[in-house]
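Chains as they are written, first to last, in my numbering: chain A, 6 to 306; chain B, 2 to 300; chain C, 16 to 318.
Simulated from the structure, these hints should not be mistaken for laboratory data. This list has only true hints and no planted wrong ones.
Distance condition first, Cα-Cα at most 30 Å in a straight line; then the derived DSS-like pairs of lysine-lysine: (1) B:160 / B:132; (2) C:316 / A:19; (3) B:132 / B:112; (4) B:103 / B:113; (5) B:113 / B:163; (6) A:98 / A:78; (7) C:316 / A:45; (8) C:46 / B:172; (9) C:46 / B:132; (10) B:163 / C:46; (11) B:20 / B:6; (12) B:249 / B:172; (13) B:95 / B:112; (14) C:315 / A:19; (15) C:46 / B:160; (16) C:315 / A:45.
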Amino acid sequence: MSSDSEATEKPSLKERLRYRTVTVDLSPNQDGSMVRSIQKPRHLGRYLSALIAIVILVLCFFSIDYSTFQGFKWDQLGAIFHDMFNPLPASLKTWDAYWSYMWGEAIRAIWTTNEMCFIGVILGAVISIPIYYLCASNINHNRILRGIFRVINDVLRTIPQMVMALILRLFFGPTLVTGIASIIIFTLGIMYQLMYQYIETLELSPFEAIRSNGGNTMQCIRLSVHPEVQPMFFANLLYTFEINIRASVILGYVGAGGYGFLLKTNFGSGYYDKIGAMMIPLFVEVIILQIISNAMGRKSR
Amino acid sequence: MIEIKNVTKVYPNGFTALKNVNLTIQDGEFVSIIGLSGAGKSTLIRCINRMHEITEGQILIPNPVIYEMTPEQREQYDAVQADPSLAEADPSLKRLLNIPSKVDISKLKGKKLRQARKNIGMIFQSFNLVKRSTVYKNVLAGRVGYHNTFETMFGIYTKEEKMLALRNMEKLGILDKAYVRADQLSGGQQQRVALARALTQESHLILADEPVASLDPVTTISVMDDFTRINKTGITILANMHHVDLAKRYSTRIIGIRAGEVVYDGPASEVTDEVTMKIYGRALNKNENLGIEEGGVAQ
Amino acid sequence: MKLTFGIGAIALLVAAIAMAIYEYLRYRQAKHYPDAESAYHNRPLTWLTDLFFFLALIAAFVFLHFDLNMNDEFSVSGNPKQGFYNLGLLFQPDWEFFFGYGQYQFSESVIWFIIKTFGISYIGTIIASILAIPFGLLASHKLFGNVAWPFEIILIAIRTVPELIFALILIRFTGFSYVSGILVIGIHSIGMIGKLYADQVDGIQQEPVEGVLSCGAGRWQQIHLAVMPQVLPNFISVALYRFDINVRTATILGVVLGSEGGIGYYLSTVASHYHKLGSCVLGIVILVVVINVVSSWLRKKLV
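Sequences and hints are given; from them, build the entire structure.
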């Protein structure tokens with residue numbers, strides 16, 4: 006039989022690493038009449054990757070300075086939330102002060118952050134419009150040009166926002182300008198990534214039609230692709246805005262003003278009630294934005 | 002007049018779609034191209050306005066520069082072309098004499114190519130409308146060749162153009178849907194929008210790449226009737242057809258293509274079973290026709 | 016002045032939205048026009064809506080310019096010439112500080128802090144990707160229907176709190192230690208990983224589930240036999256993707272958590288020593304790029 010001749014052939018090392026030969030009896034009542042040798046995959050790659058992951062995990066534990074950890078302070082767990090959502094005698098003292106802090110300074114800080122994000126996101130998104138068309142492989146057939154813009158995109162998205170803000174601070178100092186500039190760059194990175202990937206999923210038959218009408222590439226984009234991507238553009242704009250609201254907490258730490266700066270000061274003085282009062286409006290805003298952008302994104306897909 | 006001379010098209014994967022095709026299409030003709038799927042019908046159509054590049058040969062189309070001339074210039078040009086001795090008498094006409102009346106579209110580039118495309122309308126099987134735009138905007142998009150990029154960016158069109166678009170819609174019976182989004186229309190209506198777009202382009206040639214292939218028989222008839230009406234106004238129509246009976250009934254001339262070669266070229270009335278045998282490799286059964294008879298669709 | 020533009024922006028926005036709604040309602044359905052002329056006179060005024068939106072945006076920008084005192088901000092923001100000089104300093108990193116020789120010990124070098132950052136994000140991601148499995152399954156509407164709502168809301172709530180605020184809160188619980196860092200990464204990424212897991216579960220093929228169901232399997236048997244084998248490679252892919260993001264998040268944790276939070280500690284303490292800052296930035300960029308490349312390579316292999 007052919008299976009016998011295959012069995013006598015000695016498999017290569019690669020084969021042997023990949024499969025294991027097992028002899029099984031396939032006969033219904035196990036009388037040894039239908040003994041076949043089959044190859045069972047060993048899944049060595051899987052075990053190896055799992056092993057590597059575990060080894061890295063173990064190595065990670067060596068990088069830790071264990072002396073800094075003084076155990077879980079379970080009593081603090083409740084106390085944090087109590088401190089955050091109650092006026093403390095050290096800072097706000099009364100509920101009136103708590104609410105007025107929330108409606109006054111907290112809202113004002115969030116408002117400033119919102120304003121910064123608004124300017125940054127709008128400018129970043131507007132700048133991203135020509136770039137995402139240049140990045141989409143079904144519109145721009147020039148591979149080199151596309152490659153250049155995609156590499157720029159990768160670089161923009163790779164650098165953490167705080168590092169970007171620190172670099173921009175060299176130019177603009179600890180001012181709102183730094184914050185807005187870093188939001189613009191951050192938005193640019195996210196926006197054009199999301200948009201060019203979306204455009205690449207589109208079917209571009211109307212584009213062809215406008216081209217046959219005698220339009221140049223810019224006119225074709227304006228008349229055929231632009232109307233199709235517009236709803237997605239606005240959904241992504243809102244999504245980016247929401248990400249920026251959350252991320253701009255860091256900007257305060259760089260000195261770029263807004264919500265994070267107030268948070269840093271309060272934390273430095275241990276005013277947890279003020280932190281709690283600041284958190285509530287932010288929480289509400291981000292949840293609303295998330296729900297709207299989810300709904301918009303789902304609808305325009 | 003369009004002259005296709007020795008055109009060969011080889012796709013990058015080595016497939017020869019067209020082999021040494023020679024055709025001359027006169028102004029005002031209604032030409033149907035028939036043949037099996039993959040015989041090269043679509044390729045031929047698309048090569049004429051250079052949506053596809055050809056490998057060898059020439060496709061001569063009227064020089065787009067002529068259409069950019071003012072009526073007086075045009076008159077002078079025609080006179081000079083007809084009688085070159087006029088240029089000797091009037092040296093200012095010499096420039097006009099040197100403008101060739103035909104150009105090879107496969108050699109054109111950039112702006113010249115777009116000007117050439119402006120004079121050739123095209124209709125697609127899948128309509129290729131911008132789904133999220135209104136019908137009105139879709140039809141106005143046909144004017145794109147007459148505007149520069151800046152004007153298109155801001156959607157600037159003249160009143161005459163807007164009226165032309167609306168009148169074309171009226172002609173095709175889709176005026177009521179003018180400000181409705183294109184994706185709300187039925188297939189036949191969408192094809193009429195595409196037709197209106199090609200008309201608004203004011204071209205003298207309309208290429209139709211299987212215009213009725215995705216429509217039902219009743220709609221097919223009415224869309225084909227529209228084509229005939231357009232043809233009567235002096236616009237040349239070059240259409241791909243799947244159904245021989247449809248081609249025979251509506252067109253004045255039929256071109257049969259088989260495996261990239263023209264196997265039949267003649268008047269529609271002379272298409273016999275012998276001819277279809279040559280084009281399709283066998284005679285057609287009755288049930289392979291769309292089933293149209295005089296006055297409507299047979300049940 | 017400032018207020019005029021603010022109110023103007025809002026008024027224009029309201030006008031634009033009103034216009035848009037009016038036009039939408041008016042042209043939603045086909046209308047009869049007797050001839051082209053009347054259709055022309057009844058055409059939608061889209062350009063007016065667009066103009067209103069555009070003007071609202073301009074007015075809003077002018078308002079914001081005054082509201083944020085951008086004039087003052089621009090006047091105190093440093094001069095670009097100095098900026099380029101400083102940027103040049105960033106490109107001359109302090110190598111002693113980077114590798115931890117000479118006047119610095121290895122335990123205070125950038126490399127060691129980068130390793131710490133990596134450790135925190137790695138352990139945190141592993142914890143999160145395992146804990147997120149039950150959340151992801153429970154938040155899937157396809158498997159659990161309306162029972163999924165509370166879990167989805169929990170996941171949204173976790174995502175909503177910015178990492179830094181999370182860190183600030185957790186410091187009281189676990190101190191300025193590595194545990195805080197791991198918990199911040201661990202808990203915070205459950206929100207996002209859980210959501211992506213749920214998306215994956217919702218996108219599975221239904222046939223194997225039905226097949227197992229027809230053999231009389233219960234819900235958890237269904238999950239074990241039909242759902243998990245389908246989604247496991249995608250789950251790993253999601254976890255790798257999130258690891259990529261977590262590494263970037265971990266680089267800023269040190270700002271709050273101090274020296275046990277990783278490289279972020281140096282970002283806040285040496286921000287004005289440009290040579291040192293340069294070595295920190297170099298370390299971060301190397302870490303992030305390497306992780307990015309490795310994680311996208313692994314994800315490509317998985318798919």
